[in-house]
Amino acid sequence: MLTERVTDSTHQFEQSLIRLSEIHYVLRLYVTGTTPQSLRAIMNVKKFCEEYLKGRYELEVIDLYQQPQLAQGEQIIAAPTLIKKLPLPLRRIIGDMSKSERVLVGLDLQKKI
Amino acid sequence: MNMPEEKMRLPKAPTGIQGLDEITSGGLPKGRPTLVCGSAGCGKTLLAMEFLVRGARQYNEPGVFMAFEETENDLIQNVASLGFDLKDLIARKKMVIDFVYIERSEIEETGEYDLEGLFIRLGQAIDSIGAKRVVLDTIESLFSGLPNELILRAELRRLFRWLKEKGVTAIITGERSEGSLTRYGLEEYVSDCVIILDHRSSEQVSSRRLRVVKYRGSSHGTNEYPFLIDEDGISVLPVTSLGLQQIASTQRIPTGIERLDSMLGGAGFFRGSSVLVSGTAGTGKSSLAAHFVAAACQRGEQTLYFSFEESPSQIMRNMHSIGIDLQKWEKKGLLQFQANRPTFTGLEMHLTMMHKAINAFKPKVVIVDPLNSFVMGGNATEVKAMLMRLVDFLKMKEITGLFTNLTAGGGALEQTDIAISSLIDTWLLLRDIEISGERNRGMYILKSRGMAHSNQIREFLITDHGIELRDVYIGSGGVLTGSARLAQEAQEQVAQTIHDQDVERRKLDLERKRKIMEAQITALRFEFEAQEFEAMNIIGQEHAREDHQTQERVDMAQIRKADAKPNRQKGNSK
Chain G
196 MLTERVTDST
206 HQFEQSLIRL
216 SEIHYVLRLY
226 VTGTTPQSLR
236 AIMNVKKFCE
246 EYLKGRYELE
256 VIDLYQQPQL
266 AQGEQIIAAP
276 TLIKKLPLPL
286 RRIIGDMSKS
296 ERVLVGLDLQ
306 KKI
Chain X
5 MNMPEEKMRL
15 PKAPTGIQGL
25 DEITSGGLPK
35 GRPTLVCGSA
45 GCGKTLLAME
55 FLVRGARQYN
65 EPGVFMAFEE
75 TENDLIQNVA
85 SLGFDLKDLI
95 ARKKMVIDFV
105 YIERSEIEET
115 GEYDLEGLFI
125 RLGQAIDSIG
135 AKRVVLDTIE
145 SLFSGLPNEL
155 ILRAELRRLF
165 RWLKEKGVTA
175 IITGERSEGS
185 LTRYGLEEYV
195 SDCVIILDHR
205 SSEQVSSRRL
215 RVVKYRGSSH
225 GTNEYPFLID
235 EDGISVLPVT
245 SLGLQQIAST
255 QRIPTGIERL
265 DSMLGGAGFF
275 RGSSVLVSGT
285 AGTGKSSLAA
295 HFVAAACQRG
305 EQTLYFSFEE
315 SPSQIMRNMH
325 SIGIDLQKWE
335 KKGLLQFQAN
345 RPTFTGLEMH
355 LTMMHKAINA
365 FKPKVVIVDP
375 LNSFVMGGNA
385 TEVKAMLMRL
395 VDFLKMKEIT
405 GLFTNLTAGG
415 GALEQTDIAI
425 SSLIDTWLLL
435 RDIEISGERN
445 RGMYILKSRG
455 MAHSNQIREF
465 LITDHGIELR
475 DVYIGSGGVL
485 TGSARLAQEA
495 QEQVAQTIHD
505 QDVERRKLDL
515 ERKRKIMEAQ
525 ITALRFEFEA
535 QEFEAMNIIG
545 QEHAREDHQT
555 QERVDMAQIR
565 KADAKPNRQK
575 GNSK
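Protein sequence lines, in the order shown, are assigned to chains G and X. Going by the numbering used here, 291 is the number at position 96 of the first sequence; the sequence numbering is gapless. Going by the numbering used here, 546 is the number at position 542 of the second sequence; the sequence numbering is gapless.
Simulated from the structure, these hints should not be mistaken for laboratory data. Quick reminder that beta carbons are idealized off the backbone N, C-alpha and C, glycines included. A couple of the hints might just be wrong.
As the list claims (entries may be wrong) - Quick list of the computed label-pair ranges, beta carbon to beta carbon:
no. : chain 1 : residue 1 : chain 2 : residue 2 : range
1   : X       : Asp-89    : G       : Lys-280   : 30 to 38 angstroms
2   : G       : His-219   : X       : Ser-85    : 44 to 52 angstroms
3   : G       : Lys-280   : X       : Ala-84    : 28 to 36 angstroms
4   : X       : Glu-73    : G       : Glu-217   : 36 to 44 angstroms
Said to hold, decoys possible - With the C-beta cut set under 10 angstroms, the calculated list includes, among others, these residues of chain G facing chain X:
no. : residue
5   : Tyr-225
6   : Thr-229
7   : Pro-231
8   : Leu-234
As the list claims (entries may be wrong) - Some chain G residues well away from chain X (every beta-carbon gap over 10 angstroms; in silico):
no. : residue
9   : Ser-204
10  : His-206
11  : Glu-209
12  : Glu-217
13  : Ile-218
14  : Tyr-220
15  : Ile-237
16  : Lys-241
17  : Cys-244
18  : Glu-246
19  : Gly-250
20  : Val-256
21  : Thr-276
22  : Arg-286
Can you build the whole structure from these sequences, using the hints too?
Below, the structure written as structure tokens:
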């Protein structure tokens with residue numbers, strides 16, 4: 196009975212892993228103009244998406260200078276900020292995305308160490 | 005480089021907060037950030053909010069409130085109790101509240117970042133209503149929400165510079181910590197004006213205090229000023245900024261006790277002066293006050309009676325027993341009681357409640373009975389400061405204040421335990437005089453500024469028709485009062501009678517002597533007259549005899565037929 200349960204949960208875990216790899220991502224990247232940080236962030240995010248989320252992501256890059264009213268609604272403080280709207284939970288990944296592992300943690304693609 | 009004085013002076017943004025503008029001589033530095041720090045619950049948020057609300061309402065300066073700790077709805081609810089309708093201000097585009105939500109668990113730091121997002125938000129909010137005032141409450145929350153303190157510090161420095169460039173008057177709040185003003189050393193960046201709020205309690209009574217630690221380019225009050233938060237918001241009570249510019253009235257008002265009036269140069273107290281009645285327990289301080297109240301009401305002057313030990317009905321009952329009907333005046337609305345226990349609230353609250361009651365009732369006479377019930381433990385200096393403010397306030401309003409003070413038995417009589425005697429214009433001292441197994445009341449005027457006053461001790465009697473002042477016996481037997489005085493008076497009466505009789509006797513004696521003298525004079529005169537008559541007779545006879553002789557000689561010559569003419573003058577011609 197005990198073993199049955201264990202195998203069951205293992206099975207569930209594997210199933211969810213498969214599901215995870217099918218989950219659709221909705222991402223918003225808020226940047227401030229064409230500062231080096233912004234440009235680096237855009238470049239890095241695009242690279243990650245292509246590498247890990249190819250075909251199942253939606254990325255919108257927003258320039259806060261162009262749409263300042265969005266800053267309040269989206270609770271933006273830092274720039275650049277990448278918001279993972281879906282899947283939940285919501286995450287804010289701030290910085291120029293140069294620390295790859297941290298970006299992966301933020302996107303729930305890698306467990307926190 | 006001679007700049008005109010107008011430009012030299014630092015422009016200020018008035019806060020509209022009662023008392024704070026007086027301390028800062030005009031308000032916060034305009035276009036610059038001010039740091040308000042203090043421990044939790046000391047009123048930072050409220051001060052900042054009032055600054056915005058008053059700015060929007062009174063000075064037409066819209067404001068942005070950036071909250072890092074409370075949500076918009078929480079804020080609106082919290083300040084609604086102070087009569088601030090934020091919803092209305094927001095609807096009229098006088099205010100923007102932006103709640104900055106920071107949740108550490110949602111945030112992942114992945115490299116270099118800046119706070120441009122915050123800048124844009126703030127800039128957007130400022131521009132949307134043309135804000136002149138900004139509050140960041142409490143920006144230190146960023147430190148716990150965002151990683152990388154180095155970046156934060158650099159960004160905060162940039163933020164404050166940016167605020168200055170924007171020309172907005174800002175309040176930045178910060179949590180007080182041990183050893184430094186704020187937990188994250190914000191004072192390093194905001195150095196134009198720093199205000200510390202404090203909330204401490206001593207002797208189980210808490211009080212809030214405000215202190216301007218620093219104000220670059222302006223003079224400011226440096227003391228700790230008590231402040232309080234009530235339904236009208238914050239009011240700071242500056243002690244020293246009130247100055248001494250009261251107008252002194254020369255009008256005199258009777259005390260309600262005739263003999264006391266005559267002791268005070270015949271006219272009573274000065275209007276607007278402060279009168280202290282001190283004495284040991286049961287010397288009649290409250291009775292004296294009641295007389296003054298009754299006299300004031302009689303004149304149709306409104307009187308406010310602050311009682312800190314007795315309830316109004318108790319006072320009225322007690323005063324009824326000495327023939328003073330206070331109830332009548334209370335019913336007429338001329339007399340109002342405010343009875344509170346001193347422990348009911350802190351000193352500042354008491355003072356503010358008094359201020360409010362006075363402003364609302366507009367009395368001509370104020371009684372505080374007794375003063376020293378405020379003194380508990382070691383707060384004498386605070387009590388003194390409070391009374392000084394009260395006295396100043398009353399003088400400013402030309403209200404005559406009568407304060408009673410209970411002197412502890414055994415203590416020096418001519419000393420109040422709160423040392424406020426220097427603030428007092430007229431000081432009446434009531435004291436017990438214990439002689440020959442009796443305790444009687446005595447009263448004298450210790451001082452009375454600006455008027456001639458009696459230096460004599462009067463015996464103070466409380467009768468069923470009020471207070472009576474009697475002369476005390478002062479003589480070889482010392483100062484006598486009560487039955488000793490009566491005995492002495494009787495004794496003196498007897499002595500007087502004896503003395504009077506003696507005088508009478510002497511007078512009679514004298515009269516008798518005069519009569520004898522007069523009789524003697526008459527007798528002498530008669531004797532003299534008799535002698536004079538006799539002498540005159542003899543002289544007359546002598547003249548007659550001479551004439552007769554001369555006639556005889558003439559007759560003789562005629563008989564002898566003498567040819568020689570007889571010389572009548574020289575009857576001899578031989």
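Now for the hints, and whether the structure bears them out:
In this structure the supplied range 30 to 38 angstroms holds for X:Asp-89 paired with G:Lys-280, their Cβ-Cβ distance being about 36 angstroms. For the pair G:His-219 and X:Ser-85, the beta carbons lie near 48 angstroms from each other, so the given range of 44 to 52 angstroms is met. For the pair G:Lys-280 and X:Ala-84, the beta carbons lie near 34 angstroms from each other, so the given range of 28 to 36 angstroms is met. Between X:Glu-73 and G:Glu-217 the C-beta distance comes to about 40 angstroms, which sits within the given range of 36 to 44 angstroms.
Checking G:Tyr-225 against chain X by beta carbon gives a least distance of about 7 angstroms; that is within 10 angstroms, so the hint holds. Against a cut-off of 10 angstroms between C-beta atoms, the interface hint on G:Thr-229 is violated, since the closest Cβ of chain X lies about 12 angstroms away. Using the Cβ-Cβ criterion of 10 angstroms, the hint placing G:Pro-231 at the interface with chain X is satisfied: the shortest such distance is roughly 9 angstroms. The beta carbon of G:Leu-234 is not positioned within 10 angstroms of any beta carbon in chain X (closest approach about 12 angstroms), and the interface hint is therefore violated.
With a least CB separation of 26 angstroms from chain X, G:Ser-204 remains clear of the 10 angstroms interface cut-off, as annotated. With a cut of 10 angstroms on Cβ distances, G:His-206 stays outside the contact zone with chain X, its closest approach being about 30 angstroms. In this structure G:Glu-209 is separated from chain X by more than 10 angstroms, as the shortest Cβ-Cβ distance comes to about 27 angstroms. Consistency note on G:Glu-217: stated as away from chain X, and its beta-carbon is indeed over 10 angstroms from all of that chain's, at 23 angstroms minimum.
With a minimum CB-CB distance of about 18 angstroms to chain X, G:Ile-218 clears the 10 angstroms threshold, and the non-interface call stands. Every CB of chain X lies more than 10 angstroms from the CB of G:Tyr-220, the least distance being 15 angstroms, so the non-interface label holds. Once the 10 angstroms rule is applied to beta carbons, G:Ile-237 is consistent with being away from chain X; the minimum gap is 13 angstroms. No beta-carbon of chain X comes within 10 angstroms of the beta-carbon of G:Lys-241; the shortest separation is about 14 angstroms.
The Cβ of G:Cys-244 sits about 14 angstroms from the closest Cβ of chain X, beyond the 10 angstroms cut-off, so the non-interface label holds. No Cβ of chain X comes within 10 angstroms of the Cβ of G:Glu-246; the nearest lies about 15 angstroms off, and the non-interface call holds. Every beta carbon of chain X lies more than 10 angstroms from that of G:Gly-250, the smallest distance being close to 23 angstroms; the non-interface claim holds. No Cβ of chain X comes within 10 angstroms of the Cβ of G:Val-256; the nearest lies about 14 angstroms off, and the non-interface call holds.
Against chain X, the non-interface label of G:Thr-276 is violated: not every CB pair exceeds 10 angstroms, the least being about 6 angstroms. Consistency note on G:Arg-286: stated as away from chain X, yet its beta-carbon is not over 10 angstroms from all of that chain's, at 6 angstroms minimum.
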